[in-house]
Amino acid sequence: MTDDAPLLSARGVTKWYGRRLGCRSVGFDLYPGEVVAIVGESGSGKSTLLRLLTRQADLDAGTVSYRMRDGSLRDLAALTDAERAVLRRTDWGFVHQDASFGLRMSVSAGGNIGERLMSAGARHYGDIRAEAGRWLARVEIDEARLDDTPDTFSGGMRQRLQIACSLVTGPRLIFMDEPTGGLDVSVQARILDLLRGLVVDLGLSALIVTHDLGVARLLSHRIMVMKAGEVIESGLTDRVLDDPREPYTQLLVSSILPA
Amino acid sequence: MSAASYNFAYLDEQSKRMIRRAILKAIAIPGYQVPFASREMPMPYGWGTGGIQVTAAILGPDDVLKVIDQGSDDTTNAVSIRAFFAKVADVKTTTATTDATVIQTRHRVPETPLSDRQILVYQVPIPEPLRFLEPRETETRRLHALADYGLMHVKLYEDIARHGHIATAYAYPVMVAGRYLMDPSPVPKFDNPKISDCAALQLFGAGREKRIYAIPPYTRVVSLDFEDYPFERYRQSGTCALCGADDTFLDEVVTDDKGGRMFICSDSDYCEKRRETASAGEKPHD
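Chains G and A are the protein sequences, given in the same order.
Per UniProt numbering, the first sequence starts with residue 1, numbered consecutively.
Per UniProt numbering, the second sequence starts with residue 1, numbered consecutively.
The hints are simulated quantities; they were obtained by calculation from the structure and are not laboratory data.
Covered by chain A, per the in silico footprint, the following chain G stretches (three or more residues, Cβ under 8 angstroms):
| no. | region |
| --- | --- |
| 1 | 78-88 |
| 2 | 102-111 |
Capping the alpha-carbon separation at 25 angstroms, the derived lysine to aspartate or glutamate pairs in DMTMM-like fashion look like this:
| no. | chain 1 | residue 1 | chain 2 | residue 2 |
| --- | --- | --- | --- | --- |
| 3 | A | 155 | G | 151 |
| 4 | A | 87 | A | 13 |
| 5 | A | 194 | A | 251 |
| 6 | A | 155 | G | 143 |
| 7 | A | 25 | G | 81 |
| 8 | A | 25 | A | 209 |
| 9 | A | 155 | G | 147 |
Covered stretches of chain A, going by a simulated chain G footprint (3 or more residues, C-beta under 8 angstroms):
| no. | region |
| --- | --- |
| 10 | 139-147 |
| 11 | 153-163 |
Nothing here was measured: the structure is a model prediction, and the numbers come from that model.
Even glycine gets a Cβ: it sits at the ideal position worked out from N, Cα and C.
All chains should be built: construct the whole structure from the sequences, respecting the hints.
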């Protein structure tokens, strides 16, 4: 396996919700170590696309392939449920906008981080706890909060905890759906900073869904702009944001309030 | 209506056949929860309707039935169910563990080791061990199918994080034959080792939840734990005030309103037998 083979590959991904379009003919490659942002306004099909890519919903047409750890490119639809479950809890990470999707709110931070380890077969309490503590420190949460539940955490801390939970098994790909949505600007900045550092340090690939062009600019290498279920423009992040070609992208870019 | 107008063991034959099919399936897949069409029984859910249906389906005219509730033969639940089957099936009943061929139980495994000529029927309130961790039944079934049981260890992890030890004292989760995670019904974890490699067939019936599951004889049943926090049996430290046993599961009995209390064996038959042998031979040494 070389670094010029894509990690995730989508071709003609299409989804209809009855007669309404979810998304149509989306195709792209995500390479190892690359961060791709999917931007667009609410209802443009961003989250639908993410659900299709992670097989949380079935495709009506198209394929999504993933390069497994052994180097083979496999169609996700051809994997068994068990293989997909293993992929989801070891090789992939998820950061949701609503932390309660990604975390067990009444289980301690240590238990949340430990869940993936225990699913992977870890059976030594002391080791699991030590590893959870290390990850908590790594996402800049005080280790003294290890036994506290996420429902006592602030919004920013919950997002950090989700990141720790995702990364503890050493995944290669992390999916983020509005990871900083609903957070105030200073907290957003610190989380973005943390994410940027982790992505570089761990050589992660990431797919970020966001309506916030600032987030896309800061984190991503490439960007895809969606409108009404279709990708209307894609390219290098600075190219798309500084020199938008499509009228809709121009509108999006010009809608950012000047700082 | 007189008792004579009931079919043998209350349920009609078709219902019994349906339940037996579920039982056979459960035995074939140890620890797997088999859905079945639970019938209305002449008692409320929570009183052992699941166990009674299983018992009714397996009972034959020559069987000898024992019913225990929290180890005791003489509590309301045990007395009522025993009387029920004495009436509708006209079977012999007993309180002696060794004489029984079918033992229906709520919350205990008898202290006397069971034989391969016996069947133990458990009354189960909540069959799904993952219920309080994952409320969606669709999701827990998927987790069972994929043997994705990390979640159960999260519960035990939380116990240790909060209490310093695994504080789950009853309904302690077990792995059956290395495949299915199972709730052994609310028996104290003291009884868990007795469930493993047991000579008797063990059947579990949950009436309200409409599930039957089983552990065939001599099946390996392992209580979940951590390497550095291994499974431990728990019993009150003390001896039975009646028979002096120091290795049985004890009930605490409050004897007055001034803080007086005593511990006695929860298994009333085992305790009585010990006292009988003691008085027949020599006096107990206290």
